[in-house]
Amino acid sequence: MRRTGAPRPLARLGVVGLAMLLTSCTERALVEVDSDTAPGQATPTEEIEIPVQGMISWRDTTYSGYEVPVTSSYRVLTDSSELQGRLLARFETIPDSFDIGTAPQPIESYANGRFRLIVDTANSAIPQAGVDVEVYALTRSYVEREASWTDAAEGVPWSTPGGDLGERLAFGRIDAPFDSTASDTLFVPFELSTDSVLTEWAASDGEPGVAIRVVGSPASVDVRFLAIAFDVKLVGQEALVPVARSPAGYTVIFDPQTPEPGQQSRLGGLPASRIYLDFELPEVWEGLQLKGSTINAAALVLRPKSPPPDPFRLGAPVDAIAFQLLADPFEFGPKTPIGGILGPPALLDPEALVEDDAELVLSITPLALVWSFAPPDSLDVLRIGIQSSPEGADLGSWSFGSAEDVSALRPSVRMIVTPRVPFRLP
Amino acid sequence: MSRNDLWRRRKAAAGRTAVIATLLALKSAASLTAQAPATGLGLGYPVTPIDARAAAMGGTGLGLIGGSLSSRNPADMRGFRRPTLGLTYAPESVNIKSPGESQTTGRSRMAIVQAVVPLQAWTVGLSFTSGLDQDWGVRLQDTLRTSFGDFPYDERREHDGGVSTVTLGLARQIGDFSIGIDGAILTGSIRQTFTRSFDLALENPSQGVGISSGEARSSWSGFRLRGGAATSIGTRVRISGMVGISSDLKATRDTVGDAPTYEFAMPLEWAAGGSARLADNLLASAAVGFTDWSATAADLPGGAAADVLWYGAGLEYVGFELFGASLPLRAGFRRTDLPFLIPGEDQLTETAATFGLGVEVGGGRAAFDLAVEFGTRGDLASTGVEEGFRRLSLSMALLEL
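From first to last, the protein sequence lines are chains E and U.
Each residue of the first sequence is one higher than the last, beginning at 1 in my numbering.
Each residue of the second sequence is one higher than the last, beginning at 427 in my numbering.
Derived from the structure by calculation, the hints contain no laboratory data.
By construction, the Cβ of each residue, glycine as well, lies at the ideal position given by its N, Cα and C atoms.
One should not assume that every hint holds.
[Claimed, not checked] Covered by chain U, according to a simulated footprint, are these stretches of chain E (three or more residues, beta-carbon under 8 Å):
# : segment
1 : 293-306
2 : 311-323
[Claimed, not checked] Result set (SDA-like, lysine to any residue): computed pairs, CA atoms no more than 20 Å apart in a straight line:
#  : chain 1 : residue 1 : chain 2 : residue 2
3  : E       : Lys305    : E       : Leu290
4  : U       : Lys523    : U       : Asp733
5  : E       : Lys291    : U       : Val682
6  : E       : Lys233    : E       : Lys335
7  : E       : Lys291    : E       : Asn112
8  : E       : Lys291    : U       : Glu689
9  : E       : Lys291    : U       : Thr802
10 : E       : Lys335    : E       : Pro261
11 : E       : Lys291    : E       : Glu280
12 : E       : Lys335    : U       : Val682
13 : E       : Lys233    : E       : Arg313
14 : U       : Lys523    : E       : Asp36
[Stated by the list, open to error] Using C-beta positions, here's what the derived DEER-type ranges look like:
#  : chain 1 : residue 1 : chain 2 : residue 2 : range
15 : U       : Gly532    : E       : Asp377    : 44 to 54 Å
16 : E       : Asp377    : U       : Ser720    : 28 to 38 Å
17 : E       : Val31     : U       : Leu704    : 42 to 52 Å
18 : E       : Asp377    : U       : Thr530    : 49 to 59 Å
19 : E       : Asp357    : U       : Gly532    : 51 to 61 Å
20 : U       : Gly532    : E       : Ser389    : 33 to 43 Å
21 : E       : Ala374    : U       : Glu629    : 29 to 39 Å
22 : U       : Asp706    : E       : Val31     : 22 to 32 Å
23 : E       : Ser73     : U       : Glu629    : 46 to 56 Å
24 : U       : Thr530    : E       : Ser389    : 17 to 27 Å
25 : E       : Ala153    : U       : Asp625    : 53 to 63 Å
26 : U       : Asp680    : E       : Asp319    : 27 to 37 Å
Could you put the whole structure together from the sequences, leaning on the hints where they help?
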């Protein structure tokens with residue numbers, strides 16, 4: 001066979017087309033049982049795994065704060081040696097008048113105040129002896145986005161860690177077992193005068209708020225919903241009108257605080273952590289052409305480290321999701337804009353994560369495929385973020401090996417690759 | 427290579443990243459074995475440009491008394507006294523043998539479309555003919571085993587296309603001889619495709635991997651010149667001979683590929699034959715030819731080619747009538763070497779017994795001819811390829827346009 005580089009002249013379309021139409025042949029495909037003996041040209045489909053050190057470049061980091069207590073669904077009241085957790089709430093919308101259809105009528109007094117809590121009994125742990133639920137008036141206001149176990153606001157520490165508690169406003173008790181078949185709603189009635197408390201809140205927009213805690217170690221009560229219910233007596237009216245209000249701003253504070261991730265590659269927790277990374281794939285890996293090949297499948301493989309200490313060990317399975325990052329995460333930091341999800345979620349199962357050779361495998365196939373066929377220099381660096389889902393719903397997290405860890409814990413990229421068929425003639 | 431050999435491990439640098447990989451061996455033509463169809467060898471299967479009458483008489487078509495809408499020899503166009511248009515459609519059923527089994531498939535070809543116009547002492551002809559049939563397809567099924575899961579897959583490898591000729595011929599009567607020349611454009615294209623479609627993972631139906639596919643298209647181009655002569659000996663015998671040469675057959679890649687152009691040497695060819703009227707109602711024909719395909723061997727990496735000698739003979743008996751029209755019956759035998767073979771194996775030979783009949787309608791203004799061939803090509807043990815075939819050739823001709 002001789003090859004030349006001569007340019008091809010334009011096809012002689014008319015006569016060639018007629019000739020091909022007249023002489024076209026059809027044939028039913030033969031079914032072969034052995035690719036080794038089948039005619040024609042194919043190309044191997046191979047699975048490869050590229051470790052961090054095989055990449056042209058690799059960077060990974062962990063950013064936190066995507067979900068914080070005030071934005072998360074974590075509403076757990078806890079009383080144990082390992083974890084204390086309280087709910088801070090403020091009822092800013094206590095009415096001082098009531099519209100009964102004609103004109104607003106001023107409220108003469110408030111009565112029968114009680115806090116209403118809807119408890120997720122499946123995620124709660126109530127000791128055999130039961131648990132007390134206490135609502136205290138705070139003596140110091142808090143900023144919900146900044147409040148923590150030690151601080152009411154940034155730079156403003158509580159006098160007493162866990163909140164500056166004043167008088168106990170309300171008290172209730174949850175007996176074990178909690179009869180969730182009857183109702184999952186717990187009413188905690190006021191111990192103090194409803195009228196005096198709510199009158200004060202109506203005047204102060206709920207300031208400084210309340211703290212709700214449980215007493216009965218080791219107790220854990222997952223509060224799905226919180227409101228205050230009470231009756232009002234309107235001026236000139238005898239009948240009481242039932243009213244309910246939700247807190248305008250509430251958060252949870254807990255002790256100890258979630259430790260900073262430091263050099264860990266961490267997923268989950270509260271504040272929620274994400275792993276952000278970028279890397280450059282080699283165009284050729286161990287003689288196998290990657291660039292320009294079909295990437296049938298590609299996955300980012302993370303290897304779990306030892307479980308975090310309680311109470312920050314992931315308790316229940318959650319999902320992990322990989323998504324594309326649209327900018328350099330090492331320049332834009334936690335606020336790096338994110339793109340589409342790269343694949344189905346992978347299960348982050350705490351029981352499986354402790355097994356030998358456990359892996360978290362996250363599909364990145366769409367991104368790898370785009371990289372393979374991208375024009376030169378158009379998509380050199382693949383940028384990926386990984387988050388837990390749901391995010392911030394639990395204090396638990398898990399850490400994975402990063403590029404700085406020992407080789408057995410380092411991440412890698414696993415791919416199924418089919419190089420281009422050369423299609424030689426004949 | 428055994429099935430297990432198809433699996434290969436690729437060990438990454440990290441200590442725990444050894445993974446299992448599947449390797450579907452990329453085979454060159456050199457390793458084609460029993461499961462290859464004849465159209466998948468070398469440049470394909472050469473299609474004989476003859477009509478059904480010639481096919482029924484042993485595939486001759488040279489110096490055939492009564493005229494033949496074959497394209498064996500341009501000088502034979504002088505056999506037509508009136509403008510004539512004919513076409514021949516030649517599908518065949520093929521039984522491809524492989525160790526322990528056989529599969530049936532089919533091929534269809536428009537073997538030749540030819541128009542002949544006599545202009546006093548001259549005759550002009552235009553024909554479209556099949557040259558090399560490169561059409562074939564295979565389908566494989568296997569399972570890709572990876573750490574992502576085990577994925578059953580269906581793989582298809584197909585070649586679709588071939589080389590055709592567009593021939594313009596000219597013939598003239600000079601004394602007792604008909605002299606003819608023609609020039610042909612070798613044209614056509616070939617589309618090579620590869621598709622590997624994966625099912626969802628056996629263990630986890632939510633896990634899938636993407637399809638692998640590729641395609642290349644190339645166009646064929648080249649030229650061929652032929653010259654021939656024919657003459658009658660008395661009133662009962664006509665003989666004919668032809669010689670032809672071709673330029674290289676050039677394949678130009680229309681899609682992005684590693685090699686933009688391939689060139690293949692095309693053979694010198696000659697053929698001779700004739701027919702004799704043994705009796706008023708019995709015609710005999712015979713022909714022999716040679717094609718120098720071995721010259722192409724050097725251009726076939728991993729392939730092989732050899733010279734082709736072909737011959738055939740047949741009889742036509744005109745003694746029956748159908749609705750008042752003559753109903754000639756024909757029979758014959760032919761043998762031909764095939765040019766492309768598996769390296770290290772013997773050259774394929776094709777033999778066939780041929781039968782046919784014809785009928786003229788409209789007072790001789792149109793004719794239909796039918797030929798049936800039963801034959802084999804190759805031998806599994808010695809050539810690595812074996813096909814049994816039944817070919818039906820159907821010619822329709824308008825004889826007095």
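The hints, checked one at a time:
no. : hint                              : in the structure
1   : 293-306                           : holds (count 5)
2   : 311-323                           : violated (count 0)
3   : E:Lys305 <-> E:Leu290             : violated, 30 Å
4   : U:Lys523 <-> U:Asp733             : violated, 24 Å
5   : E:Lys291 <-> U:Val682             : holds, 15 Å
6   : E:Lys233 <-> E:Lys335             : violated, 50 Å
7   : E:Lys291 <-> E:Asn112             : violated, 72 Å
8   : E:Lys291 <-> U:Glu689             : violated, 30 Å
9   : E:Lys291 <-> U:Thr802             : violated, 47 Å
10  : E:Lys335 <-> E:Pro261             : holds, 17 Å
11  : E:Lys291 <-> E:Glu280             : holds, 12 Å
12  : E:Lys335 <-> U:Val682             : violated, 42 Å
13  : E:Lys233 <-> E:Arg313             : violated, 50 Å
14  : U:Lys523 <-> E:Asp36              : holds, 17 Å
15  : U:Gly532 <-> E:Asp377: 44 to 54 Å : holds, 50 Å
16  : E:Asp377 <-> U:Ser720: 28 to 38 Å : violated, 50 Å
17  : E:Val31 <-> U:Leu704: 42 to 52 Å  : holds, 49 Å
18  : E:Asp377 <-> U:Thr530: 49 to 59 Å : holds, 53 Å
19  : E:Asp357 <-> U:Gly532: 51 to 61 Å : holds, 53 Å
20  : U:Gly532 <-> E:Ser389: 33 to 43 Å : violated, 55 Å
21  : E:Ala374 <-> U:Glu629: 29 to 39 Å : holds, 33 Å
22  : U:Asp706 <-> E:Val31: 22 to 32 Å  : violated, 53 Å
23  : E:Ser73 <-> U:Glu629: 46 to 56 Å  : violated, 34 Å
24  : U:Thr530 <-> E:Ser389: 17 to 27 Å : violated, 55 Å
25  : E:Ala153 <-> U:Asp625: 53 to 63 Å : holds, 58 Å
26  : U:Asp680 <-> E:Asp319: 27 to 37 Å : violated, 47 Å
The structure fails hints 2, 3, 4, 6, 7, 8, 9, 12, 13, 16, 20, 22, 23, 24 and 26 (numbered hints given earlier, in ascending order).
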